[in-house]
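Participant: Residue numbers (this note's numbering), protein chains in the order written: chain A, 1 to 186; chain B, 1 to 186; chain C, 1 to 186; chain D, 1 to 186.
Hint data in this document are derived by calculation from the structure and do not stem from the laboratory. Be careful, since some hints might not be right.
Same chains, same label: a pair holds when it works inside one copy or across any pair of copies.
What the hints assert, rightly or not - With a straight-line cut-off of 30 Å between C-alpha atoms, the simulated DSSO-like cross-links for lysine-lysine are:
{"id": "1", "residue 1": "K96", "residue 2": "K50"}
{"id": "2", "residue 1": "K60", "residue 2": "K96"}
{"id": "3", "residue 1": "K50", "residue 2": "K5"}
{"id": "4", "residue 1": "K50", "residue 2": "K66"}
{"id": "5", "residue 1": "K5", "residue 2": "K139"}
{"id": "6", "residue 1": "K40", "residue 2": "K139"}
{"id": "7", "residue 1": "K60", "residue 2": "K50"}
{"id": "8", "residue 1": "K60", "residue 2": "K5"}
{"id": "9", "residue 1": "K50", "residue 2": "K139"}
This is what each chain is made of:
Protein chains: 4
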Amino acid sequence: MAIRKTSRQGVIDHALRLFRRNGYHYTSMADIGTACGLLKGSIYHYFSTKEELASATLEKEINVAKEHIFNSAYQEGNSDQQRLIDFAEGISLHFKDREGGCLMANFAFEAGNTLPELMPIIAHYFEEWVESLAHILEKRYGRHRALELAADSLARTQGALLLMKVDNRAQAALQRTQHDMLSLLG
Amino acid sequence: MAIRKTSRQGVIDHALRLFRRNGYHYTSMADIGTACGLLKGSIYHYFSTKEELASATLEKEINVAKEHIFNSAYQEGNSDQQRLIDFAEGISLHFKDREGGCLMANFAFEAGNTLPELMPIIAHYFEEWVESLAHILEKRYGRHRALELAADSLARTQGALLLMKVDNRAQAALQRTQHDMLSLLG
Amino acid sequence: MAIRKTSRQGVIDHALRLFRRNGYHYTSMADIGTACGLLKGSIYHYFSTKEELASATLEKEINVAKEHIFNSAYQEGNSDQQRLIDFAEGISLHFKDREGGCLMANFAFEAGNTLPELMPIIAHYFEEWVESLAHILEKRYGRHRALELAADSLARTQGALLLMKVDNRAQAALQRTQHDMLSLLG
Amino acid sequence: MAIRKTSRQGVIDHALRLFRRNGYHYTSMADIGTACGLLKGSIYHYFSTKEELASATLEKEINVAKEHIFNSAYQEGNSDQQRLIDFAEGISLHFKDREGGCLMANFAFEAGNTLPELMPIIAHYFEEWVESLAHILEKRYGRHRALELAADSLARTQGALLLMKVDNRAQAALQRTQHDMLSLLG
DNA sequence: TATGAATGAGGCTTCATTCAT
DNA sequence: GATGAATGAAGCCTCATTCAT
Numbered sequence: 001m002a003i004r005k006t007s008r009q010g011v012i013d014h015a016l017r018l019f020r021r022n023g024y025h026y027t028s029m030a031d032i033g034t035a036c037g038l039l040k041g042s043i044y045h046y047f048s049t050k051e052e053l054a055s056a057t058l059e060k061e062i063n064v065a066k067e068h069i070f071n072s073a074y075q076e077g078n079s080d081q082q083r084l085i086d087f088a089e090g091i092s093l094h095f096k097d098r099e100g101g102c103l104m105a106n107f108a109f110e111a112g113n114t115l116p117e118l119m120p121i122i123a124h125y126f127e128e129w130v131e132s133l134a135h136i137l138e139k140r141y142g143r144h145r146a147l148e149l150a151a152d153s154l155a156r157t158q159g160a161l162l163l164m165k166v167d168n169r170a171q172a173a174l175q176r177t178q179h180d181m182l183s184l185l186g
Numbered sequence: 001m002a003i004r005k006t007s008r009q010g011v012i013d014h015a016l017r018l019f020r021r022n023g024y025h026y027t028s029m030a031d032i033g034t035a036c037g038l039l040k041g042s043i044y045h046y047f048s049t050k051e052e053l054a055s056a057t058l059e060k061e062i063n064v065a066k067e068h069i070f071n072s073a074y075q076e077g078n079s080d081q082q083r084l085i086d087f088a089e090g091i092s093l094h095f096k097d098r099e100g101g102c103l104m105a106n107f108a109f110e111a112g113n114t115l116p117e118l119m120p121i122i123a124h125y126f127e128e129w130v131e132s133l134a135h136i137l138e139k140r141y142g143r144h145r146a147l148e149l150a151a152d153s154l155a156r157t158q159g160a161l162l163l164m165k166v167d168n169r170a171q172a173a174l175q176r177t178q179h180d181m182l183s184l185l186g
Numbered sequence: 001m002a003i004r005k006t007s008r009q010g011v012i013d014h015a016l017r018l019f020r021r022n023g024y025h026y027t028s029m030a031d032i033g034t035a036c037g038l039l040k041g042s043i044y045h046y047f048s049t050k051e052e053l054a055s056a057t058l059e060k061e062i063n064v065a066k067e068h069i070f071n072s073a074y075q076e077g078n079s080d081q082q083r084l085i086d087f088a089e090g091i092s093l094h095f096k097d098r099e100g101g102c103l104m105a106n107f108a109f110e111a112g113n114t115l116p117e118l119m120p121i122i123a124h125y126f127e128e129w130v131e132s133l134a135h136i137l138e139k140r141y142g143r144h145r146a147l148e149l150a151a152d153s154l155a156r157t158q159g160a161l162l163l164m165k166v167d168n169r170a171q172a173a174l175q176r177t178q179h180d181m182l183s184l185l186g
Numbered sequence: 001m002a003i004r005k006t007s008r009q010g011v012i013d014h015a016l017r018l019f020r021r022n023g024y025h026y027t028s029m030a031d032i033g034t035a036c037g038l039l040k041g042s043i044y045h046y047f048s049t050k051e052e053l054a055s056a057t058l059e060k061e062i063n064v065a066k067e068h069i070f071n072s073a074y075q076e077g078n079s080d081q082q083r084l085i086d087f088a089e090g091i092s093l094h095f096k097d098r099e100g101g102c103l104m105a106n107f108a109f110e111a112g113n114t115l116p117e118l119m120p121i122i123a124h125y126f127e128e129w130v131e132s133l134a135h136i137l138e139k140r141y142g143r144h145r146a147l148e149l150a151a152d153s154l155a156r157t158q159g160a161l162l163l164m165k166v167d168n169r170a171q172a173a174l175q176r177t178q179h180d181m182l183s184l185l186g
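Whenever a hint applies, use it, and build me the whole structure from the sequences.
Facilitator: As structure tokens, then:
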């Protein structure tokens with residue numbers, strides 16, 4: 001019984017998916033264990049508390065979002081239009097068929113009153129989102145207005161993801177959000 | 001031993017506030033009892049399960065939102081412009097200083113995988129929102145486009161409320177949302 | 001299932017006996033529950049943590065010791081000799097057939113590194129012991145020497161109780177301790 | 001992968017110190033491992049159970065006590081007075097600044113109901129103590145009374161060590177104990 | 001020898017719920 | 001109607017122990 005069954009990364013990946021779908025509280029250590037093929041107690045070999053594991057999933061999500069979405073804002077070789085296209089498409093692909101919507105938003109709902117240590121990570125994620133999108137827009141709109149437009153676009157995107165939890169037809173709202181984003185440099 | 005300390009409505013009001021601030025799971029029956037001046041066991045005189053109580057808070061929230069927001073869309077005596085102004089202002093007032101943001105959105109995050117019976121009520125709330133806002137806009141935009149615009153506005157509003165959980169500066173995004181709503185008939 | 005099965009005092013009494021015999025750690029909440037006829041979870045109706053329950057047992061032990069032992073030092077009607085006789089006899093009766101010896105000493109071993117909040121209660125107990133015995137002796141020996149003699153007598157008593165854990169023949173050592181105590185005013 | 005990091009003796013030494021300070025239960029195999037520079041699993045190369053390791057620490061403690069204390073009772077070249085002086089001084093040095101007091105006494109508190117296999121070793125330690133001290137005294141007092149006096153002295157010493165856990169001022173009581181011991185042949 | 005991964009039992013605690021009074 | 005006592009299931013976490021590498 002010392003056969004390696006998974007890895008720190010493996011645990012993070014399974015936990016991330018479960019947290020995204022069911023939230024922090026409704027995901028038990030036993031659930032995560034089952035998903036990894038471990039017993040609940042064995043997860044403590046990799047993480048010393050559930051909260052530390054949650055923190056690791058948030059870090060991972062930030063890195064993935066950077067790779068999938070935010071980084072496209074800084075591609076030196078691309079025009080602003082192209083960067084915006086890539087940004088919007090990155091969002092579409094990132095949340096496509098992603099059960100549970102946005103991990104960060106889900107945590108934002110739970111973290112406020114019970115996991116205050118996680119709030120800064122979540123805030124950082126949203127800031128990166130706004131900052132990178134504003135970076136694309138600021139040549140056209142100036143920094144101040146670009147930040148406003150970026151924040152509004154983020155809000156619409158997150159709102160659409162929320163509505164999709166209740167009614168799948170809201171997927172159309174998400175698409176319109178991406179579409180309207182493109183028209184900002186259209 | 002039977003002095004009436006509160007009422008069904010009293011319990012609902014306290015529970016609603018707690019659910020909005022802390023979420024369904026993180027609000028215990030004991031918390032609600034404390035807020036009402038009851039012991040947790042006594043709540044079962046009014047509601048047979050916690051979920052039934054939650055359901056009652058959702059119904060109440062719908063009614064309040066109708067009164068504060070949605071009904072303004074159907075005021076026969078008012079112009080569409082005036083209705084839209086009232087609608088936007090209703091939203092502002094409804095969520096002003098409301099700790100925890102939107103009860104319905106909060107439940108949407110928790111209800112999906114764990115309280116499926118509540119989803120229809122939540123869906124109904126968002127439909128009422130879209131339907132009433134679209135009612136104001138459809139003379140100008142036609143029904144189909146009016147529904148889209150209404151849904152997008154709802155998404156932006158909910159997204160802004162979410163961002164406010166993480167960073168209070170997002171209040172500005174909420175205001176811009178109301179402002180842009182008005183310009184739809186400007 | 002709402003039949004009263006025990007009381008706060010009942011829980012304290014059972015817990016005290018188990019803590020004395022088996023120590024704090026080796027007594028589980030389930031053990032205490034079993035002794036009371038409760039489930040482990042039900043104990044939390046009376047005490048919010050195991051440590052709080054432990055604290056209550058220490059308070060109780062102090063009160064019992066005052067009644068059985070320490071108070072005899074302050075009986076106005078009695079001569080010093082008589083007080084000393086009562087004091088020594090109180091000790092004998094208090095620890096007679098008391099499985100586990102002295103609750104306070106047992107806790108002193110565990111409390112140091114893991115339950116620091118309990119140390120002051122334990123210290124208080126030993127101080128009361130020394131203070132009351134010295135009160136009997138100080139007319140004869142002066143306060144300073146009386147405090148020394150009292151502390152030495154306490155040490156011998158506690159040491160004898162410890163040895164009895166290992167070898168029941170040490171009961172004789174406990175008796176000699178009481179005997180030598182009497183000869184202090186002999 | 002097989003570099004020797006420590007030895008059986010090394011593990012015993014570290015474990016002994018931890019058991020003395022924190023007790024058997026509150027010392028985890030991981031703690032011992034950390035102290036030795038090993039992982040907890042590696043300790044099982046030297047000892048097949050935690051209890052066996054505990055047993056080894058008790059054996060070691062007995063040997064050290066013999067060397068430091070008990071043997072002085074049998075020094076053929078010395079007078080009884082000198083032997084007693086050495087015995088008392090051995091005790092003083094042995095427990096001087098020894099965090100946690102007497103390993104054997106600590107185990108006596110835990111071992112009774114949970115580690116019965118260790119009781120004989122502990123009993124043996126106390127017997128050696130009494131036997132060797134009585135050996136010094138028996139020419140003067142006769143065997144029977146010498147055994148009593150030795151047991152009483154041991155009790156007082158252990159009691160003083162216990163009181164030191166609660167209040168460091170009890171160090172004076174320990175010193176008086178050694179002093180009174182000397183006066184037995186004074 | 002030493003490691004790191006895994007186990008499984010057990011511990012404390014929380015909580016929705018029930019019910020006799 | 002309200003209470004307080006009790007339940008039982010579940011949750012997080014710890015730890016001695018095992019074992020393939």
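Participant: Run every hint past the structure and note whether it holds.
Facilitator: Hint check results:
no.: 1; hint: K96 to K50; result: within (28 Å within a copy, 34 Å between copies)
no.: 2; hint: K60 to K96; result: within (18 Å within a copy, 34 Å between copies)
no.: 3; hint: K50 to K5; result: both (19 Å within a copy, 27 Å between copies)
no.: 4; hint: K50 to K66; result: within (25 Å within a copy, 41 Å between copies)
no.: 5; hint: K5 to K139; result: neither (51 Å within a copy, 62 Å between copies)
no.: 6; hint: K40 to K139; result: neither (51 Å within a copy, 58 Å between copies)
no.: 7; hint: K60 to K50; result: within (15 Å within a copy, 35 Å between copies)
no.: 8; hint: K60 to K5; result: within (21 Å within a copy, 37 Å between copies)
no.: 9; hint: K50 to K139; result: neither (43 Å within a copy, 53 Å between copies)
Against the hints set out earlier in the document, violations occur for numbers 5, 6 and 9.
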